[in-house]
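Number of protein chains: 2
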Amino acid sequence: MRSTHDILLETRAALPTLTASRERKNAALAAIADRLLSEQDDILAANREDVEASRGRYGEVMLDRLTLTPERIAGMAQGVREVAVLPDPEGKVLRRVERPNGLVIEKTSVPLGVVAIIYESRPNVTSDAAVLALKSGNAVILRGGREAFRSNAAIVRAIHLGLEDAGLPSALVGFVEDTDHASAEELMKAVGLVDLLIPRGGAGLIRRCTESAKVPCIQTGTGICHIYVDASADLDKALNIIENAKTSRPSVCNAEEVLLVHKDIAPVFLPRLHARLTEERQARGMIPVELRLDPRAAAIIPGTPAGDKDFDTEFLDYILAVGIVDSTDDAIAHIGKHSTGHSDAILTRDDESAAKFTALVDSAAVYVNVSTRFTDGGEFGLGCEMGISTQKLHARGPMGLEELNTYKYIIRGDGQTR
Amino acid sequence: MRSTHDILLETRAALPTLTASRERKNAALAAIADRLLSEQDDILAANREDVEASRGRYGEVMLDRLTLTPERIAGMAQGVREVAVLPDPEGKVLRRVERPNGLVIEKTSVPLGVVAIIYESRPNVTSDAAVLALKSGNAVILRGGREAFRSNAAIVRAIHLGLEDAGLPSALVGFVEDTDHASAEELMKAVGLVDLLIPRGGAGLIRRCTESAKVPCIQTGTGICHIYVDASADLDKALNIIENAKTSRPSVCNAEEVLLVHKDIAPVFLPRLHARLTEERQARGMIPVELRLDPRAAAIIPGTPAGDKDFDTEFLDYILAVGIVDSTDDAIAHIGKHSTGHSDAILTRDDESAAKFTALVDSAAVYVNVSTRFTDGGEFGLGCEMGISTQKLHARGPMGLEELNTYKYIIRGDGQTR
Chain A
1 MRSTHDILLE TRAALPTLTA SRERKNAALA AIADRLLSEQ DDILAANRED
51 VEASRGRYGE VMLDRLTLTP ERIAGMAQGV REVAVLPDPE GKVLRRVERP
101 NGLVIEKTSV PLGVVAIIYE SRPNVTSDAA VLALKSGNAV ILRGGREAFR
151 SNAAIVRAIH LGLEDAGLPS ALVGFVEDTD HASAEELMKA VGLVDLLIPR
201 GGAGLIRRCT ESAKVPCIQT GTGICHIYVD ASADLDKALN IIENAKTSRP
251 SVCNAEEVLL VHKDIAPVFL PRLHARLTEE RQARGMIPVE LRLDPRAAAI
301 IPGTPAGDKD FDTEFLDYIL AVGIVDSTDD AIAHIGKHST GHSDAILTRD
351 DESAAKFTAL VDSAAVYVNV STRFTDGGEF GLGCEMGIST QKLHARGPMG
401 LEELNTYKYI IRGDGQTR
Chain B
1 MRSTHDILLE TRAALPTLTA SRERKNAALA AIADRLLSEQ DDILAANRED
51 VEASRGRYGE VMLDRLTLTP ERIAGMAQGV REVAVLPDPE GKVLRRVERP
101 NGLVIEKTSV PLGVVAIIYE SRPNVTSDAA VLALKSGNAV ILRGGREAFR
151 SNAAIVRAIH LGLEDAGLPS ALVGFVEDTD HASAEELMKA VGLVDLLIPR
201 GGAGLIRRCT ESAKVPCIQT GTGICHIYVD ASADLDKALN IIENAKTSRP
251 SVCNAEEVLL VHKDIAPVFL PRLHARLTEE RQARGMIPVE LRLDPRAAAI
301 IPGTPAGDKD FDTEFLDYIL AVGIVDSTDD AIAHIGKHST GHSDAILTRD
351 DESAAKFTAL VDSAAVYVNV STRFTDGGEF GLGCEMGIST QKLHARGPMG
401 LEELNTYKYI IRGDGQTR
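Chains as they are written, first to last, in the numbering used here: chain A, 1 to 418; chain B, 1 to 418.
Hints in this document: simulated from the structure, not taken from any laboratory.
Possibly wrong hints are sitting among the right ones.
Put simply, identical chains are the same to the list, so a pair is met inside one copy or across any two.
[What the hints assert, rightly or not] Each computed SDA-like pair below joins lysine to any residue, with the alpha-carbon atoms no more than 25 Å apart: (1) K237 x R418; (2) K107 x R349; (3) K263 x T278; (4) K189 x G204; (5) K189 x P16; (6) K309 x E290; (7) K337 x V191; (8) K337 x G79; (9) K92 x D351; (10) K92 x E352; (11) K107 x K337; (12) K107 x T67; (13) K92 x T358.
Please construct the entire structure, taking both the sequences and the accompanying hints into account.
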């Protein structure tokens, strides 16, 4: 097994070749897409070994996430081709100033350098992350999970063949061969070798990054998303939005976890909500939502009494915490205290409430009369995403190609002194 | 003395008032400028105490940085008025997308929240930092040095009066009353209370922030700036630029510390450089520059042999490390290894060398035929700066008002679900 340090050094050393060969990036992406298809048998064979080894150890949902099929590999290759045609951020002049002294100052978008990503289970992240990094001009270090190791290794072999087909060094995509905690820790401490670390995984991984990373790190993903139903909300639309935000895919970070309802409409709205999310779903053969109610909501509808932590939990399940608030200000204050800064929504027909909510709720995505489920690179028109940032520095919300660039100032003159 | 924690809580609690009163920001800045002038006697009296207490303990340069005069206070007030008229980043729509499903997505510039700054000696930083933060919509926590404590406190009193004159809470500008290490450490760990920490001070402070800060932190200031003289350089201009970059203000971060010379012109250029920076400066009554030479340079001109650390030292003095390189590629490789990523320059008449240098040197500011001394918010046309970032995430180079904002996505719809 090659050491993580050696892989970091090799990838770092390969970076200038990519910087000097910008015009070859799209050709490399096309070659990678071809190779994913031509190496499909190897990838599927490696994936079968992963799936066999995981059977019995993981549940069906996890096994499904892990499993590759010819269709899924075709989807990966198609995803690579779609990234290839996106606008290239590298080298874009963000601002140009000519100063009175004749200096020409160009604030220019440039790649971050080496982007490392720590991720879990789904092998398609391997090709997604690699091509997003390459398209934006970065080298990449991939450190996937143990359960998908053979699949990831086979996908990386195909990517390396594609890079070589395009005359680029395969070391531009570094693959960490050690799936222990130690290799993740090493990436977190690789000052000077890693320019950005993106942890994509559970809350534990993200907390470890926040606490011990010495390299720049983007907090991603944790979403305790709120929907607040104002007194003036359209209640029919509110029911649709809430059911969608909670149940269309409960395991994802932009799913709703907390519902706040204005006290004036609670007596009318909560019974309808209860019917919609429990009896009606059961009647439709769908999983009902467990409601965890604060005392005021529990006085109106049946449900589980909310415990201490229910308003601070990312359930990722068919569970919804429900509370009653006295005003939009109270809803904003609650969200300020309990939100993870991912996505929060107000449902209202009152412009003043909407304006206050969008101004004062300090989250990556703030919605008016829309489901929180739209926080996504594709839905935002970015074409793709590397993850969803819940921090404020550098990137917020879905991280597309632009967010994988920094900038530098290039200043040209003719002997100017100060 | 009030606890730093209480001050942090108060400033955090005041922030929504500022967010809700954007239109009053410029009035507050005008009132602060007025109050700096009307409270001038108090500020000068407090400053005299600081200067008296420091006499004998600090050198003349430091005492001069500490000392306020009516002219300097007028300059502070004028600086506040100049910030007031700069374009306001807050609320600017950076990108607007209408999606096919009818969603209107606005990527909107918003303040970071609470910006904390740790700084030393010069009391005018107190008003500069406070008004830059306020103008960009942020509350601010100021933690100045012990030697300027009374001056800073008096300036903050004037700022508080100005805020109150404009009907804004004085807690928007929090002033840390404890100048011990402990209060700096507390700011570094104030997760949830501080959105951005900017250390402005010596390398020790910045290292402590990088190593132990739990809040987002911008690395500022350390500048081991290089100038590379290519074989094709205009040697007369090169001499002007090098003397300017090294000697116009040796104590600042954008001053040159290392000179690299192409081997082909070294035999002609180095003797001229030696004459210009030593004998000629002495003849003009100016401080000569000590040259620390690598072995190949030492074979051509007299000087101090460079020691192990001389190519990795921010001298901030009339000292210049001089080395010979074989090519532009070698110069780029040397800079990649030794630069702090602040400002680096190539002097050349060859377009290919210039293009290679600007593409591959990974620094905040990359210059072609210009002195590195121009890396500055004012010189870049930003109007002002909070510090100069040498990191790649979020902000790079001079941090003006835009860099004190983050963004959020505001999404408006009419009941859309996914």
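Hint check results:
1. Proximity of K237 and R418 under a CA criterion of 25 Å is satisfied inter-copy only: 13 Å between copies versus 62 Å inside one chain copy.
2. Taking the shortest Cα distances, K107 and R349 sit within 25 Å of each other only across copies (22 Å), while inside one copy they are farther apart (42 Å).
3. Taking the shortest Cα distances, K263 and T278 sit within 25 Å of each other inside one copy (22 Å), while across copies they are farther apart (80 Å).
4. Taking the shortest alpha-carbon separations for K189 and G204, both the intra-copy value of 17 Å and the inter-copy value of 20 Å come in at or below 25 Å.
5. In the homo-oligomer, the alpha carbons of K189 and P16 lie at most 25 Å apart inside one protomer (22 Å), although the nearest pairing across protomers, at 37 Å, exceeds that limit.
6. Taking identical chains as interchangeable, the C-alpha atoms of K309 and E290 lie at most 25 Å apart only when both belong to the same chain, with a minimum of 15 Å there against 65 Å between chains.
7. When the C-alpha separation of K337 and V191 is checked against a cutoff of 25 Å, the pair qualifies only between copies, where the shortest distance is 13 Å, while the shortest distance within a copy is 33 Å.
8. Taking the shortest alpha-carbon separations for K337 and G79, neither the intra-copy value of 38 Å nor the inter-copy value of 37 Å comes in at or below 25 Å.
9. Taking identical chains as interchangeable, the C-alpha atoms of K92 and D351 lie at most 25 Å apart only when they sit on different chains, with a minimum of 19 Å there against 38 Å within one chain.
10. Within a single copy, K92 and E352 get their C-alpha atoms only as close as 39 Å, which misses the 25 Å cut-off; across copies the closest is 19 Å, which meets it.
11. For a Cα distance limit of 25 Å, the shortest separation of K107 from K337 across copies, 24 Å, qualifies, whereas the shortest one inside one copy, 37 Å, does not.
12. Proximity of K107 to T67 under the C-alpha cut-off of 25 Å is found in neither arrangement, the shortest distances being 44 Å within a copy and 36 Å between copies.
13. Taking identical chains as interchangeable, the C-alpha atoms of K92 and T358 lie at most 25 Å apart only when they sit on different chains, with a minimum of 14 Å there against 31 Å within one chain.
Hint compliance for this structure: hints 8, 12 are broken, all remaining hints hold.
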